[in-house]
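Q: From first to last, the protein sequence lines stand for chains X and Y. Per our numbering, residue 1 is the first one in the first sequence, and the count goes up by one each step. Per our numbering, residue 1 is the first one in the second sequence, and the count goes up by one each step.
What the hints contain is simulated information worked out from the structure, not anything from laboratory work. Accuracy of the hints is not assured; some may be wrong.
Claimed, not checked - Using 27 Å as the maximum straight-line C-alpha spacing, the simulated BS3-like pairs for lysine-lysine come out as follows:
1) 36/Y x 169/X
2) 19/Y x 59/Y
3) 19/Y x 36/Y
4) 36/Y x 59/Y
5) 294/X x 169/X
6) 169/X x 59/Y
7) 185/X x 59/Y
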Amino acid sequence: MLEGFTILADRLVFQGLGLAPESALGQAAHFFVEDGAKIFFLLAVIVFVIGFFRSLMTPEQARRIIGGRSRWRGYVLAVLFGAVTPFCSCSSVPLFIGFLEAGIPLGVTMAFLITSPMVNEVAMVILISTMGWKIALAYLATGMLVGLIGGIAFSSRRLKGCVEEYVWKIRMGATATLAVDHSLKGRLGYAASQVREIVGRIWLYVLLGVGVGAGLHGFVPTAFFAAHAAADNPFAVPIAVLVGIPLYSNATGVIPIGEALLAKGVPIGTVLALMMSVAAISLPEMIILRRVIKPTLIALFTGYLFVAFVAVGYLFNWAFGG
Amino acid sequence: MKTFQVLGSGCRNCDTTAKRIAEQAQRCQVPVTVEKVTDMAAILGFGVLSTPGVVLDGKVVHAGGVPTAEQVTQWLTGG
Numbered sequence: 001m002l003e004g005f006t007i008l009a010d011r012l013v014f015q016g017l018g019l020a021p022e023s024a025l026g027q028a029a030h031f032f033v034e035d036g037a038k039i040f041f042l043l044a045v046i047v048f049v050i051g052f053f054r055s056l057m058t059p060e061q062a063r064r065i066i067g068g069r070s071r072w073r074g075y076v077l078a079v080l081f082g083a084v085t086p087f088c089s090c091s092s093v094p095l096f097i098g099f100l101e102a103g104i105p106l107g108v109t110m111a112f113l114i115t116s117p118m119v120n121e122v123a124m125v126i127l128i129s130t131m132g133w134k135i136a137l138a139y140l141a142t143g144m145l146v147g148l149i150g151g152i153a154f155s156s157r158r159l160k161g162c163v164e165e166y167v168w169k170i171r172m173g174a175t176a177t178l179a180v181d182h183s184l185k186g187r188l189g190y191a192a193s194q195v196r197e198i199v200g201r202i203w204l205y206v207l208l209g210v211g212v213g214a215g216l217h218g219f220v221p222t223a224f225f226a227a228h229a230a231a232d233n234p235f236a237v238p239i240a241v242l243v244g245i246p247l248y249s250n251a252t253g254v255i256p257i258g259e260a261l262l263a264k265g266v267p268i269g270t271v272l273a274l275m276m277s278v279a280a281i282s283l284p285e286m287i288i289l290r291r292v293i294k295p296t297l298i299a300l301f302t303g304y305l306f307v308a309f310v311a312v313g314y315l316f317n318w319a320f321g322g
Numbered sequence: 001m002k003t004f005q006v007l008g009s010g011c012r013n014c015d016t017t018a019k020r021i022a023e024q025a026q027r028c029q030v031p032v033t034v035e036k037v038t039d040m041a042a043i044l045g046f047g048v049l050s051t052p053g054v055v056l057d058g059k060v061v062h063a064g065g066v067p068t069a070e071q072v073t074q075w076l077t078g079g
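Please take these sequences and the hints and turn them into a complete structure.
A: As structure tokens, this is what we get:
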């Protein structure tokens, strides 16, 4: 079914625009059309289906379910729900406070905060269709593992002092329950509004990601990556992570970049490390989080993610390399 | 007179939500007041975690995204 997008790109770029398939511009344009069309199509379809069945987990529901569980169950649930709850980074502050207010430990809250932006079902489907299920599975498993270990690492009682005092004083009202229209018309309307909402929020990042991917695909020679980003270069992984940390995109937007790099022969570990560091944390996110946690904890949080993603990179390069 | 409160930490989606309510109110000629609530304690006091949220006359009617024009019209014209 997805071959249709290759045919579409062939027709449009090679026949319509008359670009030569071997030329750099032709290659880039083909990548841009094929991946752009495919990702937006999948994005809309998946969000619509999820919206129709109203199975999109809200942070409010996650808070209710994780709250009141034992610490260990809390970690596992936080990581699992983090993986199925897409939330806007502008919601991370209320989310953070709401979780702590429900008595959810700091470590469990951090586990959720780490996993949620990195892994979600929409990105998973797109990942499977562009890079194959093995890489998708590796991304899913390591994303959740990084969240789990991070949560445990941040569970120390002493770190509680790194949360701004006012956070502990906030009392949350009863979780708002919204009227839900279960009729077919209501479901269709809701699904359509979810598509508008999510596509409207991330289209720019997806387009940017596809653009960068296309540029890499068409204009950067494979030899460049072989020389600078091969598995035998020990600096490639940490540099990829350092580049990715301040950048803001979302998990879907970073997929075409990973796809292009992988096709250019960049090792899988390096690609995963870059994708995760772009999706997981960014400078804007740190500035937002500064409102609830002190700089020490932000530094520790960023430092942990750096170490974790570098470890992921080395591990996969070692396991799948040569 | 309907009173709307838009809950949000001041991100773009919250501005869009407040603007949309004001526009639709003008279109439907319903007198409204639209107030932005950016205080985190107040937002959580309404039981909302995902912003933007919308409160109509003290009751939460929406959370976690920009409401559609149809939804806003429904709030303006309904009961």
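Q: Given the proposed pairing of residue 36/Y with residue 59/Y, does the C-alpha separation stay at or below 27 Å?
A: Satisfied, since the Cα-Cα distance of roughly 15 Å is no more than 27 Å.
Q: Run the distance test for residue 19/Y versus residue 59/Y: straight-line Cα separation, threshold 27 Å.
A: This hinted pair holds, its Cα atoms lying about 20 Å apart.
Q: Does residue 185/X pair with residue 59/Y here, judged by a C-alpha cut-off of 27 Å?
A: The given pair, whose Cα atoms are some 24 Å apart, holds under the 27 Å limit.
Q: Is the hinted pair residue 19/Y and residue 36/Y satisfied, with a Cα-Cα distance of at most 27 Å?
A: Holds, at about 10 Å.
Q: For the pair supplied as a hint, residue 169/X and residue 59/Y, confirm whether the alpha-carbon distance does not exceed 27 Å.
A: holds (23 Å)
Q: Between the alpha carbons of residue 36/Y and residue 169/X, is the straight-line distance 27 Å or under?
A: Given that 27 Å is the threshold and the Cα spacing comes to 22 Å, the pair holds.
Q: Between residue 294/X and residue 169/X, does the CA-CA distance stay at or below 27 Å?
A: holds (16 Å)
Comparing the model with each earlier hint shows no violations; every hint is respected.
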